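Reconstruct the complex from the two isolated chains, following the hints.
Below are the chains, spelled out letter by letter.
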Amino acid sequence: MNFDFSDEQKQLREQARRFLAEKCPPKAVREVLDGKAPYDRALWQGFAEMGFLGVAIPEQYGGAGAGQLELCVLAEEVGRALAPVPFSSTVYLAAEALLMAGSEAQKKKWLPRIASGEAIGTLALFEGRGQPSPAAIKLAASDGRLSGVKLPVPDGAIAHVAIVAARSASTGRDSDIALYLVDLSADGIEACELANLDPSRGQAEIRFNNAEAEPLGEASEGWSLVTRLLDRAAVLIGFEQVGGADRALEMGRDYALDRIAFGRPIGSFQAIKHMLADMYVAATLARSNCYYGAWALSTDAAELPEAAAAARISATQAFQHCAKNNIQVHGGMGFTWEFDCHLYYRRANALALALGSQSYWEDQLIERMRQRNAA
Amino acid sequence: MKGDAMNFDDTPQEAAFRAEARAWIAANAPKQYEEPLRKASLGRLALDGATALEVAKAWQKKKAQAGWACLHWPKDYGGRGATPIERVIWQQEEGVFGKLSFLFIIGHGMCGPTMMAYASEEQKRNYLPPLASGEQIWCQLFSEPASGSDVAGLRTRAERDGDDWIINGQKIWTSGAHYSDYGILITRTDPSVPKHKGLTMFFLDMKSPGVEVRPIKQANGQSDFNEVYFTDVRIPDAQRLGSVNDGWNVSLTTLMNERMSIGTQITTGVPELFDYCGNLMLEDGPAIDDRAVRSKLANWAVKASGLKYTSLRAISALSKGERPGPENSIGKLVAASMIQEVAMYALDLQGAAGVLSGPEADAAGKFQAMLLRAPGTRVEGGTDEIMRNIIAERVLGLPGDIRVDKDVPFNQIPTRGRG
Ligand SMILES: Cc1cc2nc3c(=O)[nH]c(=O)nc-3n(C[C@H](O)[C@H](O)[C@H](O)COP(=O)(O)OP(=O)(O)OC[C@H]3O[C@@H](n4cnc5c(N)ncnc54)[C@H](O)[C@@H]3O)c2cc1C
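From first to last, the protein sequence lines stand for chains C and F. Add 778 to the 1-based position in the first sequence for our numbering, that's all there is to it. Add 941 to the 1-based position in the second sequence for our numbering, that's all there is to it.
Only chain F is shown next, with the shape it has when bound in the complex (with noise of 0.2 Å):
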């Protein structure tokens, strides 16, 4: 019994590798960007977007030449081959510095395994290498302005001309398009059959003619996203991702991949929160004194503490070589909107002056901008309801929705997009 005990203890090789990759940060670590990064939050950058462009990508070159860029990729296509839980260490010792990855998560998390699941051995050599070390972003073209949650339903054409493909469409919501450097994009090549069988995944350099890209001004006042149109965009041939009209199943390995690149950083707000109470001063006492605030404080510590409990089982299990279990489906679905009434509670406390967010606003207006962002994290990525969906269907096995469309050719199903 005590042999496999359940336990939090590194191995002895865990700790060689641990201590091993604390020293290295500790010396190579960009410090002068500590502060700015503890204190950013969800939709409060650290640093401006052509500073933060700068130092995350030679955070991360950095970290690829000395062999600790993503961990878990085999060596030849610029990872180190490193355990699950090697990973969990590696994120726990990178602490803050972690977040300067964000410009990598699409490429990293969707677009490089897609590219190890489908592109040549020669491409994989090519092209991961520089994405595993930053120099090359990538982003992800599946939303358009009439598919969304029903990516199946796009319209962006690829035609067949000799050895290359022909696009034209248009794409939206693409996160980072306007510094992405290459792309994977999923086309429709075949509109005469069912939706989903009529799709086709490419990548492509986004500097190709044809390809222009106009950012979006969001909600929240930035400008993260774009849409990317497509005009006569040559792709050849030796850049589709699986077989013709086989890309929604490619699709699936995209966003199937994404499970396994499990990190124990969700961002929720939490913390945030949690030192916010403990210094704001009420009536009577600290706010953290107050049981009504302790209460609201405890259901999302609760909730917090389950969602990063939930991925450390998942490791647990990936490390034994067992598939994570669908439970981490229910990771952004329950942050989403904990982080929204988590920014809402936290201007509640505040009163009146709540409303204020420059920089009289409390903890620098941190909540402010979170309130801001976070409709856009309930959406992204699968929306709320997708998600719900997902989970009733493929982890309780209820029925899928009633599909009008589902076995009705693609041109023949009657549309109305917006706008």
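Pulled out of the complex, with its shape left as it was, chain C reads as follows (with noise of 0.2 Å):
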């Protein structure tokens, strides 16, 4: 057994670190914030040229071959600088469904694009309101055309392709749900940024009206696609999700040595101690079923769904609850639009929705535990 990374997955980390911590301070993640960027794109091509946008890319479509842990490692960092990117829609949805499912002559066009930071891309699952499952999805697709709507599209704005899940029959099975590819600049598409929580990455409405689109994969296997890739990029995102938890309780932990308040620290006072313990225990134990999340991704274990549930609701519910309370250690100064604390707080919200939210992953966790304990 080895339950840690290897020593040079944790260089791997530092330099990462290192790299964001001088290209991605907090001012880098307000400039989009703010809305004077869509995204920074310095950064995106920083990260292509460091290796990180093909990490897990094997070489002959010019990634770097290295594989998930080293992805789960980098998913940390990005999550903990904040990194206004389209890492995960490219990387964890759009690179990894290319991978799973993609035809030779569709790696070979968007892969190499993809590490080199050419080629945005993204998952366009939602259709507004609800969980994922394919009776929400209405988007029709008929002769290779799409039409309908996809929302929210992470990134769907600046995105450059685009695979989406559409209605190919209306049987009432799963297999009536099919994966397409779609270059988002073919006629027939159109993108608008959405108002979103967490303004340092974007939300988009994309409209399909009779667009040009290839099949991803088996025509019937659409759906089993979409619950595998949410499966992988639940525990990619849950690493963001560890790193931004952690990140916010050094905050809380900082601010609580540094002011004084009735003549001492306030992280003299229990109260603060007590609330500082507990974000350390819910980042713990989401850090550790994200490892174990990231154990199963990279061997791609049967485990693997049941794995990813949990690593998905324990790092949710961790950063969630560490940036709430983070707001809460640094008191009024918390509230306010110029210290960080509200970025983590919008990022931990948002991040909390991506790829359905809690009552779908809680269904899938009991549901996996249920098969198991049936075996």
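Rather than coming from a laboratory, the hints here were simulated on the basis of the structure. Being a predicted model, the structure only gives us computed values, none of them experimental. Among the clues, some could well be false.
[As the list claims (entries may be wrong)] Some chain C residues close to chain F (C-beta under 7 Å, calculated; not the full set):
1. D782
2. N1067
3. I1144
[Said to hold, decoys possible] According to the in silico footprint, chain F covers these stretches of chain C (three or more CB under 8 Å from chain F):
4. 1070-1081
5. 1084-1095
6. 1134-1141
All C-beta atoms in this analysis are idealised placements derived from N, C-alpha and C, irrespective of residue type, glycine included.
Below is the structure:
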């Protein structure tokens, strides 16, 4: 048994942390938050140059051919720095979908462009309120053309390519849903940015009007691909959440040591100490669940669905818990635009809703535990 | 990258160890008790008191004879010199029979390691093997009526008399004192210095003249802990552990060693609740299909898995020769309140009938027993509040509480005991 990242993976983490500390200070996050740019182009290019975008993409498609564990390590740092770049949509969703189900030609066309930072990708799954489910997908596919509306689509307004879940039949079965690969510059596609909780990352509406699309993977396998894709992305976003939770905890701890009230550091009041201790507990449980998810992801283990759901639920809780209490520790200062606490609060609550919210994952977890117990 | 990638695989050596352990357990475990042990849970014993003691001791002895007791202890002291991972493998293979170790947790987890660190070589060879084999049971005599969380405020006195020390005072909440053969005892040897500086640690024979053990009936009706009175009890100086007045540091070693004996079997109540909800029928179907039930279950399940993987991370670190981090201090804090909440929820699902705790009760009254035992878990071994203080101070580096008594000689500290 080895239940830790390797030394090389830890070095990669250090490297990414130093890189992000320099290139992605809170000021850079705020540029995007304040609407001055749709995403941080220079940082994105830097990610490409560092090899971060293609870390899990095989060498024959222009990547580094490392693996999912390396990607987990990077995800944690991206989450910690709140990097305002379309990393999760492009790497955990689009590139993963291509790797899972893309044809040789599709992989050859898009993966090298993703690895080099030229192409931004995303997954267009949701159509308004509700959890991931085949029934919720109305966007219609017929004769290789798509019509309908997707929202919210993460980073949809800046993406070049989208994986789109569409309805190709109405038998009421999962096989009604097929995945398509869509070049978003094609005719009949309109994307517009929507106001969202965390403007440091975009959310868009994309309208498809008889737009051209290529099938991705087996037509009848669409929903099972979506489920697998969500499971895999859940672990990776879990690491972003763990990174964010840790940083929010550190911010709270540092402020508690610094701020004096009633003649003593507020960190000497037990109410504050115990709040921070509980944040540490939540962050630690989440980290351990995510490590298990990382193992399952990297080995494609049969345990992945259950591990992913546990990682996702735990990491969501931890980031929300740490982000909200970090504001509490900061008092009035925590509620100013100027302090960075709200950046973490926004990101925590936005990530909590990506990939389906807690009730979806709670359902998935229980269903999967039940299957395991029955086996 | 592949060589040391994350994995849960056994090395060939570990696989051989597992196979050997499995075969030995299959041939030797007391199978007749498997079913009651499976059903046992916090607050509900598998077997009645006398039988439990007998069965647990017999199993421990059998293990010791075949080299399966206290696996991580050196062979000379009754152990096996096993690696941390081999211990985990053993625990996985021992399964429900591991519940029979309950009598030895304090002795093996706290008293043994303290003896290993401070007793003479001869004492270690004399006392540790029978402790490992369960022939002798040990208890921990720390808490007193006026000093539980504030254990350094203890008042049991030890006064030097030639080659002996004479002990007078009272301990309380001593688990297992009524069936223990030995105990480690912390006493005050100098009341004229600040409280942490005048303590001394000993071990003693619980049959020594002047030791009186009085069982206490717990809130849940059972009697696992005791008051222990000391009246002019003589302990030879040779049974002192550590230097005179250095008992506080010795006690810290005891507690730190506890961390090294990390296990993966943490009682949370979650598997029990999961099973229960799978079988329970509500008006519109099985409880486990109910949205609200699922949400509750999922939230507890991820805490339980988080604890499990936190200890596996620590064991992994330990096996590479790293010191386990402080993560493990969260285990008891999280598990104790969880088990209490889980029990309450299981009763809530039963509606009015949840109040019944006899043979009519669902799941044979398991959750009722859990509910009544859980408050003790939140207190024993450091209360929730003390655990949070430890995390805040030692892990996060926050300031210690303001201590008005820290630098004051012990005999000048104002006191108000209880009762
Ligand atoms: C089932 C059980 C088994 C036990 N077994 C043993 C044993 O084998 N050997 C042994 O020596 N002891 C044993 N104990 C004793 C146990 O260690 C003490 O009960 C525990 O440390 C609490 O001490 P106390 O009871 O004096 O409570 P107190 O210390 O009086 O605490 C009362 C309340 O005040 C809070 N409090 C106290 N100090 C602080 C602080 N600094 N900050 C915030 N809150 C604080 C506590 O959290 C608690 O809520 C056992 C206890 C139980 C319940």
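Hints, verified against the model:
1. D782: It holds, given that the least Cβ distance between D782 of chain C and chain F is near 5 Å, below 7 Å.
2. N1067: Result: holds, 5 Å to nearest chain F Cβ.
3. I1144: Hint holds; I1144 of chain C Cβ to chain F Cβ min 5 Å, cut 7 Å.
4. 1070-1081: holds (count 5)
5. 1084-1095: It holds, with 5 qualifying residues against the three required.
6. 1134-1141: holds (count 5)
In terms of the numbered hints stated before, the structure departs from none.
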